[in-house]
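**Q** The residues making up each chain are set out below.
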Amino acid sequence: MTDTKLDEETRLGAFESTVTAAMTAPEAERVVGRRPRRPRGGRRVSAARKALLYALLVVVVGLVFVPFFWMISSSLKHDNQVFQIPTQWIPTEFVWSNYVDIWTQIPLANYLKNSLFLAIVITFLQLLTGSFAAYGFAKLRFPGRDVLFVAYIATIAVPWQAYMIPQYIMMQQAGLVNTHLSIILLQAFGAFGVFLMRQYYLTIPDELCEAARIDGMSEYGIWARIILPLSKPALASLGLLTFVGVWNDYMGPFIYLTSNDLWTVQLGLRSFVGQYDAQYAMIMTGSVISVIPIVIVFLLGQKQFIQGIATTGLKG
Amino acid sequence: MAVTAPAPLATRERTKRRRRLRDIAVGWSFILPNFAGFALLTLVPMAGAFVLAFMEWDSFTPPEWVGLDNFERMLGDPTFWIALGNTAYYAIGHIPLTMAASLGLALLLNRRLRGLGFFRTAMFFPYVTSLVAVAVVWNMLFNPTAGPINQALEFFGVADPPGWTSSSAWAMPAVIITSVWRDMGYYMVLYLTGLQAIPTEYHEAAEVDGANAWQRFWNVTIPSLRPTTFFVLVMITISSFKVFDLIVVMTDGGPGRATTVLSQLIYRQGIIENRFGYSSAIALVLFVIVLAFTAAQFTLQKRKEL
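If you read the protein sequences in the order shown, they are chains A and B.
First residue of the first sequence: 0, per numbering that gives the first Met the number 0; consecutive thereafter.
First residue of the second sequence: 0, per numbering that gives the first Met the number 0; consecutive thereafter.
If you're looking for bench data, these hints aren't it; they were derived computationally from the structure.
Even glycine gets a Cβ: it sits at the ideal position worked out from N, Cα and C.
Worth double-checking, as some hints may not be accurate.
[Stated by the list, open to error] Covered by chain A, according to a simulated footprint, are these stretches of chain B (three or more residues, beta-carbon under 8 angstroms):
#1 74-87
#2 187-200
#3 238-246
The task is simple: from the sequences and hints, build the whole structure.
**A** This is the structure in structure tokens:
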């Protein structure tokens, strides 16, 4: 008994090393969109031009970041200082109390909690159902598979606006309007996730699954024990993209959520702007707080994030 | 067993059919958890939208088949034409500017240089920032009297800077500037991937042949990037026609109807006014426009390849 188990483990180990080898091969790298350390298209630069280039880059990044700088600087001012002439780029006095007062001014903690809840639940469901379906599309052969996949892909190009009305009517009939469940249902089964995971699974050699099948492993076992552990980078990409997408989504919650205690941070921020449009500094404080979780998530996973876009972007 | 005569034909047929059935069952079992949600919440509504466009339905009266009435009404609805024009205006501004900006950034960042990863991440940042925060900040930057943008313009000698979001002539340019700033990092990533797929040998060969930087750009980089450019163009076109949240938060279609776009009209007619049929008809028009542009771009791309 122990013998067969051990045998199985070594075999699995062998699978893993084969796959690791396959994944680090240049071809796989290109397909998965993993950027080689040195950009191939880039050219070597001389020292004098290098300095010039850095200067140019700093200027460009500086310009692109002006809105962020203004946002943070304004969030630390008094309301009447925000639009002072001439523009104060660095506040004369730092009003840190804005960051304390905002929590009592609007139910920001509740908004953040709602956003976090939706983002986590939807990301989890999307990863689970997306990777499961992707296995069916990438590694199994059965009649109707390709037609079904084309149906998935075709819908990615259809603007949501084109079918949001019937969707809304259906939700209304089911009594789901103004519940978090409506947003979860709306976003957890996206075609995009299936597409991204399938593209990644295609880069995993079929021989791995064949070998496991010969050893008598079921398809579900292959998915759970071989494919899933191998697709961590793709899962990370999809997870990050979904999380950020849900966190930043405005249109879905805007249409479906009407009661204040269900609102996400985006809706809360928007209504804050509508209600207290002269509290410029406080509005900026709210904006900064709404962006902070995304900054953290993005900085933690920016590599996977950009890979995810590059993968789905070019391997259509 | 194996040594004796092969199994009778009927049995073999049966096992074959059983295996086929099992393949189908296993395949579907993988796809079903996602497909159930996808079919119910995407495919069914899509089909529904198509039917609804030919019906008259508000929440009080039962749906009624009216043929092309909704489309006729659209032809005589000035708000529809204004929204269509504004959507086209946005697309015409947003598509080329975003493409130019993202290609420019990608060219700038496609080098062997220490610390470039930091700059790439930084450029991508506007895209991940939430749209509401972006819209709110830019609205303040565009403030006509005391906003930093007009302050800067006055400093550089512009005597009468534009009113931006408070003027009907300048509201759309303000929205376009904001959206270009937000989207360029995303498409930059796609262009960078495309640029890195160009073999260095092409550039080296051109250099040996005496081509200067500009000639290399036009005759090597641009043609090699054609598939990427095509893809980016299709993506930006689709997203331009769908524009909604940025406009809702920045201008809410105003001032007046100066920035009202098609998807806003769909939302107002359908979800606020409950005119499901009419709103679905507008949605169908939007879909056909997007489809037509995508198809046209595909055909042009094919012809170029031949």
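**Q** With a C-beta cutoff of 8 angstroms, work out whether three or more residues of the segment 74-87 of chain B approach chain A closely enough for the coverage to hold.
**A** Contact hint for the segment 74-87 of chain B vs chain A: violated, 0 residues under 8 angstroms.
**Q** With a cut-off of 8 angstroms between beta carbons, are at least three residues of the segment 238-246 of chain B near chain A?
**A** n = 4 at 8 angstroms, threshold three: holds.
**Q** Given that the segment 187-200 of chain B was listed as covered by chain A, double-check it with a C-beta distance under 8 angstroms for 3 or more residues.
**A** As far as the segment 187-200 of chain B goes, the hint holds, because 11 residues have Cβ atoms under 8 angstroms from chain A.
Consistency note: the structure conflicts with earlier hint 1 alone.
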